[in-house]
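With the hints as extra help, turn the sequences into a complete structure.
4 protein chains.
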Amino acid sequence: MIRLQFSLELAYSVHTPSADFFFNFHPAHTPQQTVMSENLTVNQTAAIWSVEQDASGQRNMRLQAQTGPLKLNYQATVEISHYSDDPMQIAEVPLYQLPLDALRYIYPSRYCQSDRLAGFAYDLFGHLPPGYARAQAVCDWVQQHVKFRSNSSCGTTSAIDTMVDCVGVCRDFAHLMIALCRAINLPARFVTGTDYGADPALGPPDFHAYVEVYLGGRWYMFDPSGTAIPMGMMRLATGRDAADAAFATIFGGVTSEAPRIEMVAEHNGAQWQLPVHTDQGLSTSVV
Amino acid sequence: MIRLQFSLELAYSVHTPSADFFFNFHPAHTPQQTVMSENLTVNQTAAIWSVEQDASGQRNMRLQAQTGPLKLNYQATVEISHYSDDPMQIAEVPLYQLPLDALRYIYPSRYCQSDRLAGFAYDLFGHLPPGYARAQAVCDWVQQHVKFRSNSSCGTTSAIDTMVDCVGVCRDFAHLMIALCRAINLPARFVTGTDYGADPALGPPDFHAYVEVYLGGRWYMFDPSGTAIPMGMMRLATGRDAADAAFATIFGGVTSEAPRIEMVAEHNGAQWQLPVHTDQGLSTSVV
Amino acid sequence: MIRLQFSLELAYSVHTPSADFFFNFHPAHTPQQTVMSENLTVNQTAAIWSVEQDASGQRNMRLQAQTGPLKLNYQATVEISHYSDDPMQIAEVPLYQLPLDALRYIYPSRYCQSDRLAGFAYDLFGHLPPGYARAQAVCDWVQQHVKFRSNSSCGTTSAIDTMVDCVGVCRDFAHLMIALCRAINLPARFVTGTDYGADPALGPPDFHAYVEVYLGGRWYMFDPSGTAIPMGMMRLATGRDAADAAFATIFGGVTSEAPRIEMVAEHNGAQWQLPVHTDQGLSTSVV
Amino acid sequence: MIRLQFSLELAYSVHTPSADFFFNFHPAHTPQQTVMSENLTVNQTAAIWSVEQDASGQRNMRLQAQTGPLKLNYQATVEISHYSDDPMQIAEVPLYQLPLDALRYIYPSRYCQSDRLAGFAYDLFGHLPPGYARAQAVCDWVQQHVKFRSNSSCGTTSAIDTMVDCVGVCRDFAHLMIALCRAINLPARFVTGTDYGADPALGPPDFHAYVEVYLGGRWYMFDPSGTAIPMGMMRLATGRDAADAAFATIFGGVTSEAPRIEMVAEHNGAQWQLPVHTDQGLSTSVV
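Protein chains in written order, with full-length UniProt numbering: chain D, 1 to 287; chain F, 1 to 287; chain Z, 1 to 287; chain P, 1 to 287.
Each statement offered as a hint is correct.
Partner residues are not named here, just some residues of chain D that face chain Z (Cβ under 8 Å, in silico):
#1 Arg-116
#2 Gly-119
#3 Phe-120
#4 Asp-123
#5 Ile-160
#6 Met-163
#7 Val-164
#8 Cys-166
What the hints contain is simulated information worked out from the structure, not anything from laboratory work.
Cβ atoms here follow ideal geometry from the backbone N, Cα and C, with glycine treated the same way.
Structure (structure tokens):
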């Protein structure tokens, strides 16, 4: 079991009379991921907010703030007990048997134009036997094809752009892997989470973007950017792509400071282990 | 009340050992739209299929067919009793108060890159007072800006393409209107339906693509292509755009014939009226 | 030496009071390609036209026609005596030494966005030793990556589209090869010519699009679509891409019929040979 | 007559054994623009370079530098005696009569996809009487449609991007105006020059991008960004767009500092005047 101490500070300046924020920074509730305790403070006493959990366990927060500085402090203790399985035993689910909720993740989306990449994807992966290993092959190809470079992409960069430009950040790796998976009829979705264990050369702990692929009746995690330790990634939100799984979407005249994130894995040798790399398939949910 | 007799013939040839079809040709069940009776026949006795209704009342059919001809015949009698209201009385819903289900329709999607069109949309519509009339202004602008031309677009044509190229079919008009609405924070979604009352010059009754905008706590219908009589449009499926609301999505080696559609409005002068153009806002559902 | 009998019929209907045509169907004059005789007839006696040869030997025709049918008949006898060399002996020209006229063919153009493809091209070809063989490697890769399919592209299809979609016609193969060559600093240009020896399955002789790369102080021919016999290709026009090397650019309300082309290689066993495939590098000009 | 003192410092660090630079910072030689004197110093004594003037009077410099710092200092005294005319008297040149050199500027190019914008351009400008005023209408529309914002675009931003995004820098304004002009068959080209008289809020004198349109047998200047005084703009290079008219194109591992430019207009009340805004059409060349 992984036990994470998550701490987050967000700071904004609101320049308009009010501004609306839609946040996804609360860890999701899933059978494998439990929020043991949490605490949120907001500096604006007049701000109104609410947190609403949806069917996937995602916790959507909305907040309306007034002119002036807005600061949020959030701490949570989260325990993750991954479902893990031997990759050789994890099969693809035939299209006909996909649940409706998974089925909608085979369609193209804003940043994952899988319709355009069908030819490319079939050339690369069409001949591989179906199963977890095929999703892993897509993940490996993306990691090899794309170079990680900070600030190399922007908010409108799509999977096709990343395929062509061969450069990006974690969100771009995720979009390209998702698009290629969907192109070969593998349901794949975007996850906004945190990146425990990322290469210190990339800076302190941060939000992270990775991928879940629907295999064997579950969503399995993949980290195509290869920058984090999957066992230590904590799920905040899922969606078709970054368009509907951002950690913050803001409406109004607002300037932002960089979020400050701390992430500590507690370990005591017995009950709680440090996240490590593994060859097992890891999943945190069936929906 | 509108009473429609809907008849549909679909004909395919399956060239691979099997093929999977995901259909959305069943009329949706909503408080305003009732399927009084329906009948489906499939020529392949070995085909397996199921129909599953989701929370929005959409009825998703999946079917697995074998090599050879596949023919579906479907008839339904549908009654539509629109909710209608005075456009002057229909307000926009503040972002903070949008239900989660509506909120996801303000994000960009595959064919509706509202993130790119924000500047354009604010220049054109940002100064207008919020409300139904503003959505109508977007609808009118799209109808004026884009020329209807058969076969002028293809499966990858997006709202930006249509904005630039100024030409398209009903699906393209819908995508552009949706993208512009979302760009000014109006939730908007794609509807696949039927086009009772379309200009005979455009051919016999057909599937149709139009738009619903979330206003005053309901989804109101708009027909930016201007080719049909909204009161006679029957909802089959809704989605973010054509990527997830197509009437048929097919996996496998399949060739298709053009679908044959018949649509008759029964009328008896009292209980059942013929669809006519109206200045009222029309809605068929709150979800 | 190759001796070609070229015959062309073009038929249009002009619907506006007048229409302007810019043609490039006259074979270019180069030290290696000689027009022995030619004859042009135009059915409209009131049409005005002129043919102007530019520095590259390209013969640009402009014609102004009136309402009604327009028919052009053109015949030419052309002799081509290729410059040929051993690929192992053909070196790349260092950037600093490129003549200005060749230099402008390393920049991106409408359909050949080499700026975007630099990362991709360096991954694929950056490690190869410079020289003719590297251009050939680009040609081979394009031929392998892209599937030839009639009507799979349109007038706005670019090299990036073809890279992504993996399908196209000869013009698309040419654009992708050009973009990849420029991305590794090889001057490359688009040629509109004819396709003697094309696979009969693709239909009768036709206009053809292929590529010339500047190597060893000359322009060498490459046929990335692999559909013709390079020795039998006849050059009409060159340009950065199809935007400025089309065989016909038309302004006005005009409908076109498919051009009718005949191409016969005379051969007598001694002086004139039939075009055949060769491993030699073939060039028809230094400018 | 305008008399400009132009001073330029360029500073680079070359990290590879050598690097190739193609510069266009020498003022062009045209009948209206005369370089009275100039002086260039290069810090690397081993660097080799040459300057070659082409038919348009553009002076293309190539330079090969070695590892280490590279510094160029250039000063020139330039006199510009514009050809000017009453806009009402400046007609469009019929397509059939365009010289070949002008004709090539009606075709789409890398950043100016006029082929895509034909519908849009005809809707906006098709009904206007031909002539200088129509080009001015395009210029005015672009200035009104696009917001100037520093760093809002990047090297791959095209006219279609700017049309959609409604934001850009001088180069983007120029690309959009060029694309719209070509779309209505007006030859238009990109000019890299200097921006004497720019709004001090935009910083010190800098390189500038503007447009020339072929009208009445000459190239007339337009400044769609509206940030400079056209009478004070000095031409360095022309091309189809920024792809082939950049002031510097660099091959090799090189980091750059911002160029330092000084631009002083000498004036003595009689022979030499200060540049001022004018309603006249201004031209610096016929080719």
